[in-house]
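Trainee: Construct the entire structure; sequences and hints are all you get.
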Amino acid sequence: MGLNRRDFFKYVTVAGAAVAGSGQSAQAWQSRAPSDPVGSLVDLTRCIGCRKCEEACNRVNDLPAPDQSFEDYTVLNRKRRPDERAYTVINRYTSGMIDERDQLVPTFVKLQCMHCQDPACVSACIAAALTKKENGTVHYDVTKCIGCRYCMVACPFEIPAYEYHNPITPKVMKCTFCYERVQSQNKLPGCAEICPVEAITFGRRSDLLKVAHDRIKSNPGRYVDHVYGEREVGGTSWMYLSAVPFEKLGFNTLPEQPIPRLSETIQHSLFSYMWSPIVLFGMIGGVMWASKDKSDRVENGKKGGAS
Amino acid sequence: MIRTGPVIIGFMMFALVGFCWCGPALAAADVTAPKPSVEKVVWTAPDQEAAKKRAAQVVPFVEAVMDECRLCRQQRLRDMGLNVKDQTESYYLLNSPIIRKTEDHYGPVRFMHAKHAGVTKDCALCHHYRPVDDTAMETTRCSACHQKPFQKDHPERLGLKAAYHQQCMGCHKEMNNGPIDCAGCHRKNVPDHKDKINLAANPEPSQVTSECLRCHKPAGEDMLKSAHWLWKGPSPYTLKHRKEVELGKATIATNNF
Amino acid sequence: MTHQAAPVNAKFWTPGVVVLAILMAAGAAAIAARFIGGIGYVSNLTTARPWGLWVGVDVASGVALAAGGFTTAFLAHIIGRHYYESVVRPALLTAMLGYTFVVLGLMVDIGRSWAIWKPMIYWNPTSVLFEVAMCVMFYLNILYLEFLPIVVERFKGRVNLPGPLAALNSPVEGLLGIADAILPKIMWFFIIAGVVLSCMHQSSLGSLMLIAPTKLHPLWYTPMLPLLFLTSAIAVGYPMVVFEATLATTSLNLDSEMKVLTPLTRITIFLLGLYLALKVGDMVVRGTYVYLFDFTAQTNSFLVEMLFGVIVPWLMLLSPVVRRSRRALFVACTLIVGGVLVNRLNVFVVGYRPPISEANYFPAIGEILVTVGFIATLMFLYRFLVTYLPVLNKPEQEVSA
Chain A
1181 MGLNRRDFFK YVTVAGAAVA GSGQSAQAWQ SRAPSDPVGS LVDLTRCIGC RKCEEACNRV
1241 NDLPAPDQSF EDYTVLNRKR RPDERAYTVI NRYTSGMIDE RDQLVPTFVK LQCMHCQDPA
1301 CVSACIAAAL TKKENGTVHY DVTKCIGCRY CMVACPFEIP AYEYHNPITP KVMKCTFCYE
1361 RVQSQNKLPG CAEICPVEAI TFGRRSDLLK VAHDRIKSNP GRYVDHVYGE REVGGTSWMY
1421 LSAVPFEKLG FNTLPEQPIP RLSETIQHSL FSYMWSPIVL FGMIGGVMWA SKDKSDRVEN
1481 GKKGGAS
Chain D
13 MIRTGPVIIG FMMFALVGFC WCGPALAAAD VTAPKPSVEK VVWTAPDQEA AKKRAAQVVP
73 FVEAVMDECR LCRQQRLRDM GLNVKDQTES YYLLNSPIIR KTEDHYGPVR FMHAKHAGVT
133 KDCALCHHYR PVDDTAMETT RCSACHQKPF QKDHPERLGL KAAYHQQCMG CHKEMNNGPI
193 DCAGCHRKNV PDHKDKINLA ANPEPSQVTS ECLRCHKPAG EDMLKSAHWL WKGPSPYTLK
253 HRKEVELGKA TIATNNF
Chain R
309 MTHQAAPVNA KFWTPGVVVL AILMAAGAAA IAARFIGGIG YVSNLTTARP WGLWVGVDVA
369 SGVALAAGGF TTAFLAHIIG RHYYESVVRP ALLTAMLGYT FVVLGLMVDI GRSWAIWKPM
429 IYWNPTSVLF EVAMCVMFYL NILYLEFLPI VVERFKGRVN LPGPLAALNS PVEGLLGIAD
489 AILPKIMWFF IIAGVVLSCM HQSSLGSLML IAPTKLHPLW YTPMLPLLFL TSAIAVGYPM
549 VVFEATLATT SLNLDSEMKV LTPLTRITIF LLGLYLALKV GDMVVRGTYV YLFDFTAQTN
609 SFLVEMLFGV IVPWLMLLSP VVRRSRRALF VACTLIVGGV LVNRLNVFVV GYRPPISEAN
669 YFPAIGEILV TVGFIATLMF LYRFLVTYLP VLNKPEQEVS A
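Here the protein sequences come in this chain order: A, D and R. Residue numbers for the first sequence follow our numbering, beginning at 1181 and rising by one. Residue numbers for the second sequence follow our numbering, beginning at 13 and rising by one. Residue numbers for the third sequence follow our numbering, beginning at 309 and rising by one.
Just so you know, these hints were derived from the structure itself, not from any lab. Hints may be right or wrong, so weigh each one.
Partial list, derived from the structure: chain R residues whose beta carbon lies under 10 Å from chain A [to be verified]:
id, residue
1, Ser351
2, Pro358
3, Trp431
4, Leu437
5, Gly471
6, Ala475
7, Val504
8, Ile519
9, Thr522
10, Phe603
11, Pro662
Counterexamples of contact, computed for chain D against chain A with all Cβ distances above 10 Å [as the list claims (entries may be wrong)]:
id, residue
12, Lys65
13, Gln99
14, Val144
15, Lys164
16, Asn188
17, Ile209
18, Glu233
Beta carbons are placed, not taken as given, at the ideal position from N, Cα and C, and that holds for glycine.
Mentor: Right, here's the structure in full:
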């Protein structure tokens, strides 16, 4: 657990004692991931690219009507990204594989917020507008947001979008994992509920991992032996199974280390208990006092004053 | 908001009347007249009512199924002498309340059980497992095992909706036969337009058209490309050139907004 | 040696100032467009490229180039080299204006400008940006406090508000008196705090990009980024003073301050050398030199940054001839200032390549107008304040040209 506000205050007030504690302040970084989050497993071998998830997402989140109807499959001819009007989109990839009828075998890839276990956006957010909920959702609270867009810089999946054309009250727009529906109304996320083929399996992340590995084990020819999101950036709540190597489907290869680890370690080891600023203050003060022997204190301190 | 429902219905009735008789002197009093004739047109399959009843049932959930490979199962069914002649129903309406709980976008599929069985001649193709319970029937309905999706105790058990779709579409694809698009099996449920239409009381006919076009723009564009709109010349296809039109809607001054 | 700062006795509306005013007007129009049509209306920022010119120049470079404030304060007040006193006030003014415009730039860049105060209530201690924001906020206030004695010196005993405000004359006078009495006694605290806060957020600006390991080009992405930002900010402090003092003395026809500037840049040799050593060492240790000659936009920009921004000016400064020549020293220091500017732009804009979207970005005309407008306003205010407040050195002979 990092510094929370109360601790922060406490440590500032007992600043003197804090310096002594600086030795143990540089502890190893600790994940703050919830222990038993929910998640979704997307089985790309099942997805038929019907775009019903896009439609359901649009409906349950009251998003603006799309330019092209959800039944218009020509949008699949280009690669799209989730944006401020669509939390999720389906893209079509062809690996060059051809079926018995000489048709290219398509693989459809659903994109949305991955709801990382240790989200970079949550670590980055200047005002704690983004939080990782106990159920795994990376939740955005617009009332705290100032619109700095650091979350967008931080996100390794390039997911959060921004209402750039709203001059005064723009919002960060990204998949909500239907937090209200799941938590308060005990419903399924819109996309998981509507999917006609259960390409999206919703459940506890731990159960989903078991399901994923079972599917790979019982159909070794059908899947590549990789659950995308199991370990990427320390694990994500949304995970994928595929028949085609993920690199060929627009998934980027990511480290297994949680993204916030490095910056949080640096920040934590430098600023826990505010020890380094206090030490620096003391050192500079000492230098200032020592070099003041030559002239009197007031004269020296009178910054900018004529001398 | 102005209640537009009655107005719209009135208009639709008016159009209907116009199509049926094309009589210029019809009074508004006749609006209710065509109703019985409309109902007469609807044809119902003789076993429709029974199918509806069957569809409404929810049977007890089968917790465990027998673990056997497909070939073993086919062999066993053959040994038991079970084949497609043993089926009890030829027609099913796939309209389970399990699915209806969350879905209202499409109408139910009318599934020709006997026809599919006759073509595949293999019960085990769809009835791929049997309940562990010895007293249960050898082939049971889909919704006995496939009910709510994402059940914690049965993570790999598909929900009923996904089971239907995967089974039907998977087989249709494999056999290269049968529809794999939504409309191939389902009738789309037209959402209630009562709240969607935004018209003043007593709107002009052109206002009604533009209100339709507000959402159904492509339909309007299609219309502009149709012969109905673009027609020029004699009408060769009507019997004895009855009701002959020389010009399409585009060139006639009335009713072409 | 004594220094006597005084208001500048020069005509205010010179052609240069008029040009500044025109640029300011253009910038104001662009800002108005941003607050009417939204950020998307005036900028090329996208989902993939959420930060652009405004963050790279207005914020990151603004903070770095305002480093003259704390570095000269350290020199003159903390280790007591009063010899350099004469450059402290202009450096302080530059820093104060620089940070003011960092905040104004942020107000344009963030989507909900009216919510800028929210991080003060909703803390997120894991956020590097949160720490930077807090430091900048406190430091800006300290800069205003440090500048206050200059205002006091100018107006104490001379408060003469026009018309109906005249009634406030004596209260204001009283406040100035209190400030004059208290400030010198507590200023030491703020001077030290200013240096500490500067070290904190100058380095943390580098930590900002550590959250984007897949996006920032490996030539820049290093765990040492905070240290590199801190050393480069310290190194650019005195060159920035030289740059700004030379421009001011030239355009205002004041005495050249080479007597102070030459020894000042001797320190820079060491500081810039340290930065160069760290940067090269980091490159060697991580083996990123393999990218050097890829000749992509990123690597070319890195070469420009290192070659013309660090190595060439460092070699120039090694020569005493350069350090004593006003013109050559100005060129060297301009290169260093430009080098740090390019470095900040590289880290925040050029070197930032989102691997999935691979979106290209070039600032829109609206973004450029806003940035140019801000810089013009900053120069205009500098000019205005040195005209009416005792910031710059009085010419030694009263008969100025």
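Trainee: Please name the hints from earlier in the document that this structure breaks, with their numbers sorted from lowest to highest.
Mentor: 5, 6, 10, 15 and 16
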